Structures are given as C-alpha cells and as structure tokens.
Amino acid sequence: MSEEEAYRTVSATLEQERIIPFKTDELEVVRSAEKCVNCGLCLNHCPVVRAVGVDRFSGPRSIAVELSRSPPDFWSTADKVYLCTSCGTCREVCPFNVNMPDIVNMVRARIFKQRPDLVPRGLRAVRETIAKYSLAFEPWEDPNEKTESRDARLQAAGLPFIKDRTVKGAEVLFYPGCQAEERAQEVKEAAKFILNYFGVDFTLLEEMSCCGLPSRLIGDDETSRSLAARLREKVNLLGVKKIVTTCAGCTSNLSDMSVRDNWGVPVYHLIEFLAEEIGLERLSEAFTEGSRAGEVLTTIHDPCHLIRHTSRQISDHVIAVLNLIPNVTVVPSGVADSCCGGGGMVGYHSRDVADAVVAYNLGPISATKANRLVAPCPLCTAQIERNLFNTGSDIQVDDLAVFIAQRLPQER
Amino acid sequence: MTDYDVIVIGGGSTGTAVARDCALRGLKTLLLERDDIASATVGTCAGMISSGFKYYDEPDIMDMCSQEVVYFRRIARHIIMKDPILMPFSELEELTRGGEASSFTDEYAKRAKERGVPPVMFLSPEQSLSIEPSLNPDMAACLYYEEYFIDPFRLCLLQAIDAKQHGATIKTYCEVTGIEATKPAKRVTFYNRATRQVECADGKLIVNAGGPWAGKVAAMAGAPLDLRLNKGAHVILDRRIVNVGISSKAADGRWIYLYPHENTTLLGTTALDTWEDPDVIVASHDEIEYLLKSMEWVVPSIRQARIIRTMEGVRPLVPEWKRSEDKVTRGYRIIDHEKDGVDGLISFTGGKLVMCRHMAEAVTNLVSKKLGRETVCRTHLDSLPGNGADVDVLALAAEYGLSQHAVERLRARRGTETSAVLALTKEHPEWKSTICTCEPVIEAELRYAIRNEFPQTIGDLRRRVRLGTGPCQGTFCTFKAAAVLAEELDLSGEQYQLEMIDFLAERWKGKRPPMRGGQLGQEELTQGLYACVANLDHTDLPYELKPWEEAA
Amino acid sequence: MDIETDLVVIGGGMAGLVAGSVAAEAGLDVVLLRKGHGATAQSSGAIDIIGYVPGATAYLMNPVEGLHALSAMCPFHPYSALGRSQEGVPSDPGRVVSRVHSSVQWLKDKSSGSCGALKGDLEENIQAVSLLGTSKPTCLIQETMWNDTPPSHDSVILFAGLRGLPDFNPSSAVKAFMANRPYGEEGPRKAVSCILDVSSSGKPFNLSQIEIAQFVDHDAGLSALANSIGGQVLKTGADYVAVPPILGVERARENRRQLEEMTGATVFELTAFPPSVPGLRLQTSLEAVFRKADGRLLAGHEATEVRQAGDLVQVIAARAPRRTIEIRSTAVVLASGKFLAGGLVGDERGVRESLMGLPIVDSDLIPTGDSRPQRLTGVIPLSPEGHPLFGVGLAFDSSFHPVAADGSPIAQNLFAAGSVLAGYNYAVEKSGLGVALATGFAAGANAAAYVKGVQ
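Residue numbers (the working numbering), protein chains in the order written: chain U, 1 to 412; chain H, 1 to 552; chain A, 1 to 455.
Bound conformation, chain U alone (with noise of 0.2 Å):
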C-alpha cells in the first residue's frame, strides 16, 4: 500500500471514530482543561446558569469536566455549549482560570465537523454570509444606500463626516468590525474623528473583512484561521505599528490572533488608545473645549470582551475618561461587569437565552435613573439598547466611541 493510500485509510478510520485530531495550539486548551476541579464555583457567577438554571445550560463546570473530556462525544454537547455566551466569567472566578471560552470553541469547532446538521441553524446561515462576504453581514446591496444610511446616523449623532483614507505606512490601522462597519455606521465614523481629532495618523483597510471571532465561535475553525491570516497580510501590507478598534470582540481576537500568529503589531481598544497613549491630559483638554452638550447621568456597560478577555483596566480607563468630561456624571448600576447576553453568537439561534441574561442588567440600570448608558462596543450597545426599549425604557444607549466624539470640539 502506497503512503497516500496508507493515510487515506487511516482518515477514514478517524472520520467513522470522530477523532478531529487537536492542533498544537488546541493541546493549550486541553490543558487547561484538565485543571478543572469541579468545585462549581463558576455555577455561582455564570450568567447563563442565572438566567435559565442549570438543566438547561449546564454551566461552565460541566463543560470543562464532563463535556469536554472525551472529543469523539463532542458531538453530543451540542445541546448544551452553543449557549454559551462567551463572557469568560467563569474562567475569572476559576481557581486555576481554567480557559473556559477557548474550550467552548474547541468544542464546538468539532461539532462542526462530526455532525455539521446540529450546528444551530442560526449560525449556519451566518458561516453561508461570512463564506460569501468576509463579513459577519451581509454587506450593503447598493452603496449608495450605505452611505444614506451613514449619512443619517452622523447627523442623528451630530457628528462631521472624515473621509476615509487608506495610506501605506500609517501609525495606527483603525478597525472598526463588522458591526461598525456595515451596521453601526455612526460608532466607525466616530472613531475616525476622535482620531482625526487628536491627529492620529491612521489608515482603514482598503476592503475590510472579518477579523475572525464570529467564525472561531461558530466553531468553523477553518474559515476563522483563514481569515486571521488575510487580515495579518492585509496589516503587513500597510505596515501600521498599532491596530485600534472600537468593537471589544475585535480587540480581544485580534490581540490573542496577534499573539498567537505573531504579527508584531499591538492590538488596542479606543479607549485604552486614548487613554494610554493620547493621555487624559490631552483629553481633558479637548472636553473642556468641546463641552457643548447638556448635563448627563450616564452608567455604564463594561464589555466581556474587554474587561474579562482583554484586562481589567479597561474599566478604569472608561471611568477615567468619563469623568474627565464636564457635565457628565457617571453613576454605577452594580452590573457593569454582568454580561448583556450579546456574546458567544447565542442570540442568533436562542434569542431567547441572549434576552434573559441581559434581563438580570435592566432592573438595576433602571435604578440608577441614569438618562444614559455608554458601552465601549457596538455589539453590547445593540443588545441592551433594543431589550431596554422592549421594557419602555426611554435611557439612551449609545457607543462609548460616539458619547466621546459628540463631546470634542468639532473642528479645531
């Protein structure tokens, strides 16, 4: 028997026993795995156990003890870890952090490929959108269309329009995501003048494309890599040194995929950008300038992404930054750091399940009497925005990226 034939058997034996061999980075995963104890301390914090109980999403300590132990039964988890959303508040609270959101990945990464059939449907028909498009939306039939749309978001904002510009050999790549990108139009066109503003010299990317998450959560592993490996070769290209962006699922995927891949190049959110290397004197300078919009109690939505999958200090950097604007005065709910259901893809196939995390933050929110909400990801905007509204709330939500903008003095 020839090697390829040798092989081609040995495939067909692994296929019929469902062993997806692990890739080298995936033994990490593993790992970490095995630390698990099963005290079930993360039950305790876990938002999803909250919010529908343990029957019906097992929680975190029965994926990394049970769920996850023998991969050719991965298939049979799929009942239970598409509902996770991903926050990583149990890998926090973990005694040994064991890497629960990056298990869920892996796991499902093989569900997609044992029995590609109990792959919610929901998240098919996104993986069809991203295969077609790199993006995580289907993009603007007509442009022109994207640009009215556009259009009317800034002005709604009260903001100006900052040409796009692409140039070689920029400092700063800024990456708006694809919400920002084909959605929020107004949280990209914030940005763009914030930068503009402190004379950031950024580039966008002449075509944008997906940096990824959406894919790796899908469990489509594949199209994920492939897609990081675009986006590195796209950021070589222009030869940045920094990458900014104003979505948190971006900035914690491109700052793992940059260390993972070696791209050399660091990955920050907006506001750790302006709060690191702007400074908060500079911008405290800018809001006392620009102070034109009236008083404001707003509270605060601290993004998974961010502040459990990137760092902690985020939030400190959003409070620091807030409260260098006159009139706005921040006040807390308690559950800034609960997470709004947004994560994980859950809300594509289980709306319902997305809806009843993000109920637990509402009630505290309204509390507050806050008349604004500020959240540094477009995402996590969207989700409370549409369930506050849904319980006649008249707060305001708006992108962190887009409450900065409006405060800065429009033209200098």
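What the hints contain is simulated information worked out from the structure, not anything from laboratory work.
Predicted, not measured: the structure shown is a model, and the values here were computed from it.
Taking lysine to any residue and the SDA-like style, the derived pairs with C-alpha atoms no more than 25 Å apart in a straight line are:
#, chain 1, residue 1, chain 2, residue 2
1, H, K204, H, L371
2, H, K293, A, R372
3, A, K235, H, E487
4, U, K168, U, V235
5, U, K146, U, E182
6, A, K203, H, E488
7, H, K82, U, A6
8, H, K28, H, Q165
9, H, K82, U, E15
10, H, K327, H, T105
11, A, K235, H, E427
12, A, K292, U, S333
13, A, K203, H, E427
14, U, K168, U, V259
15, H, K293, A, R375
Using the hints provided, position chains H and A relative to the given structure of chain U.
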C-alpha cells in the same frame, strides 16, 4: 441430591464467562465471588480486546484472539470502542529486524476484514504528527494498526447478569473458605460478607476461576496449583489527551502503551513478579516513574497531563519460570485436578481478557463431558444484554428532556437498556438529576443499577456506572451516591456515613501513589468537603481498616 | 510603570481581602490582585477559629481554650505567632486571644448588615450541621444558619430538601443526624424529612443551590418556598426546619425573617459543600468591605513575578488575559493560598511556592520543599491527624514576614497571610478561615505600619 451442577469460584472475566456459558447450556450454576464482580485483575486492566498483535511468536494464540474479537463485535458491540494506534520507531531497521514484521503483519491481516480493521500500515513522520501532534517528531516512521477496547466492568457484569437470566445464581461478597470432597459432590463453604454468615453449597464440579487466588482455592481442595503471579500498574490520566493510542518501548525494552479509554487515558503497564497479597498492593513510585519516563521519549509532554490515579492488578500467568514475563505464554491452561487425585475440580492459569469467552467454552465442554451432558456452546452467538439495535440518542434525549451527552454516555454503557433506565424517570422526574458530574451519571441509572445489578457499595456502583472515575475522583458524587444507596438499601445512619468513608478510602488507594500537580488542589478540596465541612475525619464510626491500610 | 501604590495584596480570599481592607482603612493605597476565587469562596460560610487541637479526637467547646493549648503545644502555628511580640520569645496566649478577638470583632462589625453577616462568640464553639446530617464545631456562622436557641429535647426538626436538588438528600441526612446527635442528648428526639417543590423553571430536576437562592431573592420564589415549608410544618408539627443554604443571595437574612413569620417555625440553613451560596455571600461581603475602604480590586489579574532589590520587593508583574502590567509598590502581602488557590504547587520533585519560589517548611518548621507530595500523605484518607501535605507552606516570623532557612525575612516589605503559611492543617483542625482572618488582619496592619514608617 446436589444443589448445583457447577460451582464457579471467581467473578472476574473468566468466572463470569464460565457461569454464562454453563447457564446458557442449561447447567445448574452457582458463581461465588469474594468481593464484587470484576473487582480484581480484570478491574485493573486496560480493557483492550487485543487482536493478539504482539503475540506473533504464538501464532495459534494470535489466531484465537483475532477470532474472539470478531465474536465480541457480534455479542457486545455496544460496549466496544475502536482505538487507532501508532507505534513510532526511531530507526527503520527496528521495523525489519529478523523478519518479525512480516509474520505479525500477515497474522494481523488474517481476519482484518471481519474485525473491521485495515491491515497494518506504515506512516511517515509528517502523517503521524498530523494525527498525533503530541508525538516526538524525532522518529523514522510509525506503524499503524487498530484495536478494540471494551468496558471490562460492564463485560463481566453483563456476563454475570446473562448467566443469572439463564438460571444461574450469582453471589457476590461470598468468600470461599473450604472445599470438601463429599460423595457424590463437592461441598463449598463460604463466608457471606454481606450477611456475615457462613453458608455452604454442594456442586458436582467446581471451576476454579480465582485468578491470582486460584492457587489458594485449589489448596483448599488439596490440589497443587502453580501460578506465576505478576503485577502491573497503570497510571490514569484525566480525559482523552491523545487522539489515538501510542505504543512504545519502555526503559527496559518492554512494550508499554498510552491508550485513550472511555473519558480517560491509560498509561501502562509494568510487569513485576509478585508474591504479595493482591489485596494490599498499590502502585509504587518506581512503577509510576518507569511508565512516565518511558512514555516521555515518544510523548514529551506527558508529564504536563493530569494524573488522576493509579491502579495495580495481578496477572495469574501460566507458571513458566526463568524467563522474562513477556516471554511467558499469553495462552491459558485448563488443569483438571483429577490427575492430582482431586476429582471434580478444574482450574485455570493464564489467559487474557480477550480469551475469557474461549476459556469458558473450553472448560464448559470439559464440564459437560464430565457430567455426561451433551451441550452446545452459544456464547459466541447470543448477544449480551443491551447489545441490540442502534439507540437514537438524540431522540431519547428529546423525549425525556435530558442532556444529550448524559444519554450518550448512558448508551455507551448500556446499549438498548438505555430506554429501561430512562423509563424510571417517568414516575420520578427528579431522577434525571446528575449525580456524578464528571462522567456523567444520572440518578435514574444509579437506582436502576442498585435494583438490577446487585451492588452493595458505592465502589460496586463505580464499576457498574463509572461513578467517581473522573478527575475529582468522587469528591462531588460520593455523598450524593451514598444517600441514594442508603435510601435504596435502607442503610442506617452509621452505614450511610461509613459508605462515604469507605469509598473515599478506595479512591485514595489509587490517588495517593502518584499525588502531584492538579490532584493536590483537588485533594485539598476533597479534604475541605469531607473533613472541614462534614467532619468525617472526627467520627467514632466503626470504620474497618482496608487491607492495604493495615499492611502499610 | 503602569501603577504605583503603597501596598499590593496578592490573593483575594479571606486573608488577602482582610489584609487589604485593614491597610486601606489605615490610609494606604491598596491594589489587590485576584487571579480567581479560592478556598474562601468555596467555604460553607462557617468561620472556624479552632475546633480541634491537632490530632485530638475530642472537640473544643471553647476556641479560647484551643488558642491557649496551641500557644503552648504548637509554637509554629500561625496563631501562636500572634502571641509573640518579637522573635525568640514564647507565645503569650493572652496576646493570641486578644489579637484573634480583635480580628473577629472587626469582621463581625464590618460584615454586619451584609449578606454575609456573622453571629457567634469567640468563647464558644457551636455545632454547625451539614447537609449530610453530620456536624462540626465552629465559631462564627452566617446569621441565616444561626439559632438563638438550639433545638431542644422535645422539639421536632424537619430536614427539608428540594425536589431535583441532588446535593441534599434529607432522608439520609436525618438518619445520620439521629445517629450523630450533634446537639447532644439534650437535642431533639424527633427528626423528620420532606421534599419541597420549589423551582424557578418548573423543572423538578437538576437544580442548583444558586438558582434556587436567586429565585428565593424574588418575591415569587420566596412565597413558593414559604408555602411549601408552611404546609410541611403543619403536617409534621416541626419547630425547626433545616434547609440547604438557599435562603437567598442578597436578601437571605430578610428572607429568613419573612419565612419564619409566615411558617411559624425556625428556619435555618445547613452548611453545604461547594459551590455553596454562603461561600458566595462571604466572598461578596468581604469584597464589599475592601471596596468600601477604597481598596482597588483588580480581578482577573495573576501576579506572575515579584522583583526584589536588596532586602525589598519592588515591582510586581501581573497578567490579565491579554495584557500585562507592572506595579511598583512599597509593600506586598502574599495571600495566595495553598494548592487549591495555586499559592503552592507540587510535582514529583517536591512542593514549591508558586510565585517567588520561597522556601517551604512543614508544621514542625522542617524544610520540606524537596519532598514528593505522596510522602507527605498518610495511608488513610480521613483522620484527625490529617495529611502533613496540607500543613506545609511558608516559614514566617512574628511579623508575618516569610523567612529564609536562617529565620531572616526574605524582604523587609514582604508579608504573608492565610493558608500559604505553614503550620496548620485547616481541614482537620477546623481553623481555616479563622487563621486567614487573624493573620490577614495582622499582616495588613504590619504592612500599613511598615509603609507609614518609610513614608
């Protein structure tokens, strides 16, 4: 008037297979087991039903093994899983030396199709690494073959239950204390540890399947029986850490392996001649390090994996002396003690898990002949309980509102019996609750096992449902299982608490020798539950020291 | 440098949070690095001070007596260190008691009114009944577990489980309770069990304590529980109702009061195994104390390196999931816990302190870092002696500086507290949270004094 045609002593793989064969052939059968079914040698094996691949210098045995694999796939496919196996070689000449390769590959290929496996193949280092990236890339090639693994506990139990369903009497916790030659039968006296009574039974013939204790049993009847007892240790690692099995040469040139098995990975085994009481042996530091050091050459990251426990068992080998253990025949011998002047006693030496049915068939043929009965063996044709049509896991999970994974694990243990277990939850929906969160095991399966599979202790439940075999080693299921057992068996408050302590002691036996890494935190937690909160370290309960505790 | 501060506390359990709070209350800028939760969050909510003198089988009726005994018999016990005003002198039991008393009083005051509010007295151990029906001597318990008058001879006690909560089997617990008679011969002669139907989802299976407690924090859950218990009280004539710790997370104390009003019986919680709600309540209330003192808690940050120059530690590197930071600090308290929290790690070569590789000793102060963990264990899993493995840790002086083999501090500004310290096996002594509290209290105060001294 005798009670039984045959009294089988020993409830391991061989004893239960013999009881099944005898019962299926209509012989009146009693099985006596001193502890629980599958509680000794077979309970510490890797579960491989080997094709006989490595016994190439005994072609007859290889032939028998490969035939038996075909039968197992027929009668017990619900408790069988296939593992592809890679055997890395650092130098090509190792493969071709002495023409060994051709003989075993030919033998292996003989029934390959019936066994559902391809012939032995060779893979390049690149191909091998793509299948198993944990391998040391410094290799010339890998030999590739496929083997089947069975749940050894379920196999023995199913054989016992099948025997019972065909009229046999199965008595566990009954230790034989005397064998007396009376006419026309033998009288076997035994101590029933459950009732604490001495009982006896008469049988026309006695089949001694006592494994490592076979010599002791024969001696009770006044018959000599030489055995070569050889102990072997396994290191059990949490979860399936390799994609496929790995087989490799150890520090001393013996073969060792790393096999994914159920939800764990088994690293084994050692082989040391022993004269110690099998009840007291535990794995030694040397055995553990021998295995880790040896496997480290081919899987360099092995020490990063979490060791959850060790297990140590004793092989009752055919008494061939003055040669290394791996040169002793893998075959078995049937000894009719008539030649020793002890009529009616037949003993086994040697054998492997894969041969247990074959051994039973051979001895039952002899028994029938001696009894003058014409019988036909059906053990290779008739299914073991649960071996039936495919079980639709997704449909059952949906019907009962249960986790798919819980149902899948249930199916892997029980096949078509799964429905009967789940049916209990119609009246008691609370029994859908998970008791062992590692494996997982739901309460209904515990109740079903207690009612139908004659366990006496949580340890017995562990063998039946894999309770407490995960990384936490019973930390979070012992107290829940003890409460269920206490309800079902109407245990007293004292017995209920002792059950917990006993099971923790049994787990500790295997956890303690390799204690390191992640198990240190796990054990701090276990102490936190049972000592710090439950205070079971300060109790005046009448705890009886276990044999290995007394011996230490 | 990303952050500059007076004190960095490494570890967010009882010892670290108490040390950090005490120092912050003394006016220090405190940053607490918390990698994850540890043994405190996993506790049953009972604060053991000392239940048994090491190795003894009879329990201590009075923790003060125990502290006296330790002071005389176990010179290397962390409690005994509290009794030394300087190195080399014998431990003064009066000083031990007074310092433990101060820390206990402090904790009771600080947690008063919170979800983790405590009751109990340093001069009396009480029997905390577990959900197995066993009991242990402990000193402080959460208010929802406390009974002003323990069940008496003629009272009826009802163990009430919840359908579908597998953690608690009341019928078996009753059997063990009656076999053990934790309240002594004066305790109740009649114990009965029942199953309550309370479930937020309506499903009678696979319930967790946390989801029931969260449900009971809502009016619907509370009234479902009250109705269910009320019916059983009528049926059984129970005076006391023992339930798993599910009376609520935030509103547990108020819920209990209402339940008692509605049912006419005394309702109290049993101690439970992790993941217990009382452990969560304790952790939450300790964190609240720390935050109220203006301490800065950096969750999700693992200290990865402590850099030392001369006899001072200066810089602490910490890692968040995708960022790293460096903190310059005037002093450091190491409260990283034992094996379960990751303060100590071990492999076949021995046991190590995980962050700085500090020397490890056993309860007799004998260097033991090179001992294989297995050799530090006994053959019986549960015994009053326990396993020496769980008594190993850092050697320390009377100021709670970790010390080198010669007894000299590793660094003048490095302190340690809690189970990373050698000298006590908390599971068998029943002393865990007590030692963490008292040593955290002392280490925090010492660190504060040090920082103020150099400023």
